[in-house]
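We have chain X; now place chain B onto it with these hints.
If you read the protein sequences in the order shown, they are chains X and B.
According to the numbering used here, the first sequence is numbered sequentially starting from 91.
According to the numbering used here, the second sequence is numbered sequentially starting from 68.
What the hints contain is simulated information worked out from the structure, not anything from laboratory work.
Pulled from the structure, derived: some chain B residues nowhere near chain X, Cβ distances all over 12 Å: (1) THR95; (2) LEU101; (3) ASP114; (4) PHE151; (5) GLY268; (6) SER302; (7) ASP303; (8) TRP328.
Rough simulated footprint, nothing fancy, chain B against chain X, three-plus residues with beta-carbon under 8 Å: (9) 134–148; (10) 167–177; (11) 185–197.
Note that beta-carbon positions come from the ideal geometry of N, C-alpha and C, so glycine has one too.
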Amino acid sequence: MPAALSASAVSKHYRSTTALDGVDLEVGAGELVGLLGPNGAGKSTLVKIACGLVGPTAGEVHVAGARAGSREARASTGYLAELFRFPSWARADEVLALHQRLARSAGGAAEREQLLDRVGLTGEGGRRMETMSKGMQQRLGIAQALIGSPRLVLLDEPTSALDPGGRRTVRELLVALRDQGVGVLLNSHLLSEVELVCDRVVMIDNGRVVTEGRPEDLTKAGGVEVETSEGVRRLPDARREDVPRIVRELVADGAEVYGVRVVTGTLEEAYLDAVVGRDG
Amino acid sequence: MSDALTIAGHALREAVRRRVLLVVALLTAVFLALYALAAFEAFDSLDRNARGIVPIDEHALAGGTLLGLAMFVALFLGVVLAVFLTLGAVRGEAESGLLQPLVVRPVGRTTLLIGRLLAASAVCSAYVIAVFLLAVAITHAAGDFTPGSYVVPAAGLALGVITVVAVSLLGSTLLGTTANGIAIFMVFATGLAGGLLGQIGDGLKVDALTTASSIMSWIVPFEALYQNGLHALTSDIDGATGVIVQLGPFGGADDVSAGIWVWAVAWSAVVMALAALKFRRSDL
Numbered sequence: 091m092p093a094a095l096s097a098s099a100v101s102k103h104y105r106s107t108t109a110l111d112g113v114d115l116e117v118g119a120g121e122l123v124g125l126l127g128p129n130g131a132g133k134s135t136l137v138k139i140a141c142g143l144v145g146p147t148a149g150e151v152h153v154a155g156a157r158a159g160s161r162e163a164r165a166s167t168g169y170l171a172e173l174f175r176f177p178s179w180a181r182a183d184e185v186l187a188l189h190q191r192l193a194r195s196a197g198g199a200a201e202r203e204q205l206l207d208r209v210g211l212t213g214e215g216g217r218r219m220e221t222m223s224k225g226m227q228q229r230l231g232i233a234q235a236l237i238g239s240p241r242l243v244l245l246d247e248p249t250s251a252l253d254p255g256g257r258r259t260v261r262e263l264l265v266a267l268r269d270q271g272v273g274v275l276l277n278s279h280l281l282s283e284v285e286l287v288c289d290r291v292v293m294i295d296n297g298r299v300v301t302e303g304r305p306e307d308l309t310k311a312g313g314v315e316v317e318t319s320e321g322v323r324r325l326p327d328a329r330r331e332d333v334p335r336i337v338r339e340l341v342a343d344g345a346e347v348y349g350v351r352v353v354t355g356t357l358e359e360a361y362l363d364a365v366v367g368r369d370g
Numbered sequence: 068m069s070d071a072l073t074i075a076g077h078a079l080r081e082a083v084r085r086r087v088l089l090v091v092a093l094l095t096a097v098f099l100a101l102y103a104l105a106a107f108e109a110f111d112s113l114d115r116n117a118r119g120i121v122p123i124d125e126h127a128l129a130g131g132t133l134l135g136l137a138m139f140v141a142l143f144l145g146v147v148l149a150v151f152l153t154l155g156a157v158r159g160e161a162e163s164g165l166l167q168p169l170v171v172r173p174v175g176r177t178t179l180l181i182g183r184l185l186a187a188s189a190v191c192s193a194y195v196i197a198v199f200l201l202a203v204a205i206t207h208a209a210g211d212f213t214p215g216s217y218v219v220p221a222a223g224l225a226l227g228v229i230t231v232v233a234v235s236l237l238g239s240t241l242l243g244t245t246a247n248g249i250a251i252f253m254v255f256a257t258g259l260a261g262g263l264l265g266q267i268g269d270g271l272k273v274d275a276l277t278t279a280s281s282i283m284s285w286i287v288p289f290e291a292l293y294q295n296g297l298h299a300l301t302s303d304i305d306g307a308t309g310v311i312v313q314l315g316p317f318g319g320a321d322d323v324s325a326g327i328w329v330w331a332v333a334w335s336a337v338v339m340a341l342a343a344l345k346f347r348r349s350d351l
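Only chain X is shown next, with the shape it has when bound in the complex:
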């Protein structure tokens, strides 16, 4: 089975500006990949190339084996843009019905109801866009992206307008999509969210991939903290394996141990190391 998304040596130039410079990226079926990078790094350009809104200057991008931008590729893609709008006069159900017709989905009213349920908009099908909050419209945008059971879902900042409850709903939805074998590319500035759900993270800066890997591999060990009667002691070079020995030695020395915590780095630290540290 071909990868949900495969990008090879992709470059994009806008006159003298280089948005992407030889990017390689793959999203497998049933894989959830987070795309991170500072503003202007080229993340949205890469996503737009994948869904056919922008043509690459060089390189190849395929969606489920079809050239990105082709009719076949677009039929396999669900996309939520960072900046999008639905017509203010339209009802949620009408928006979904229009996209069902254009996506040639035969799901009908049952699919629309199910999608509204999945994004937490149960019973809101008759509501007009102009009466919906930005968060509700973003949920509807995600529902729209899932019409026709796409093999690749591209989400560009899908939770930027959502409250914590909405973010949790989207996280659960992303996990469910992965379990169904859908490849998801999540472009987000919310590192904690990416860390929570993504199988793999790709960091881009100045149009190039600067690092990639599983979140747990990218985050660094940060030592061990031990809480004793004398206060908290930090052992920055210690690892998880060292904890029994450290506790034994402290107890032998007469200290009272109240707690031990293995300190791990965060994805934010890894991101800052890869992007800011690299720039700085």
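Showing chain B alone in chain X's frame:
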């Protein structure tokens, strides 16, 4: 084709739900009411103050001029409608984020443009035909005046606004919403000015002006279609009355070649092909 009809249906629903058509219908009703008032008053005045100037047919003069005015207003309002329905179809809607969710669907960009063309053409051509035929009916009721032809002017108006829809869609692929609106109205005004130059040239027998006008008419065919319609409107008025009507502000000085119909269709097709080419190559 079904995708184009889906897009056209969506655009039509938008026109209805945004109350564009309601506002247009109300304001058109106001225009037609004023037109009816003017027509009845004009013919009543002629009946009351018949001067019997030979060889002027005052009823025909009034009827031809009034209907020429109605035709101009129908064209003007039709063009306004055409421009406002399409001026932001590509770049404007892309900048506001409305277009991207549609473009990523497995529908060709050309199909999206054709859908917009179908919707705006249907609305605008139906509108100008309706306004013109209602004006014909009012003029007939007010002064028992029947134009030489009402099919040619109505068809000319319809095809004329379709050419404007096409060029506005092309403009929307090149320019932002405001710039496109300004550009299309300037093209429209230039076309009208070209037509007036031709009438002046005809009246003063200045060949250079009539030639320039003729060239302008073919460059922007809505003007040639409009002139052709005006000519057909009063084609059966002959003698001194015919000359006066033809030379008036709403008289069509020239009978444009029948090839204008084919030219206008081909011109619109080329303009749409250019729009599709530009749209297909645009990064959104």
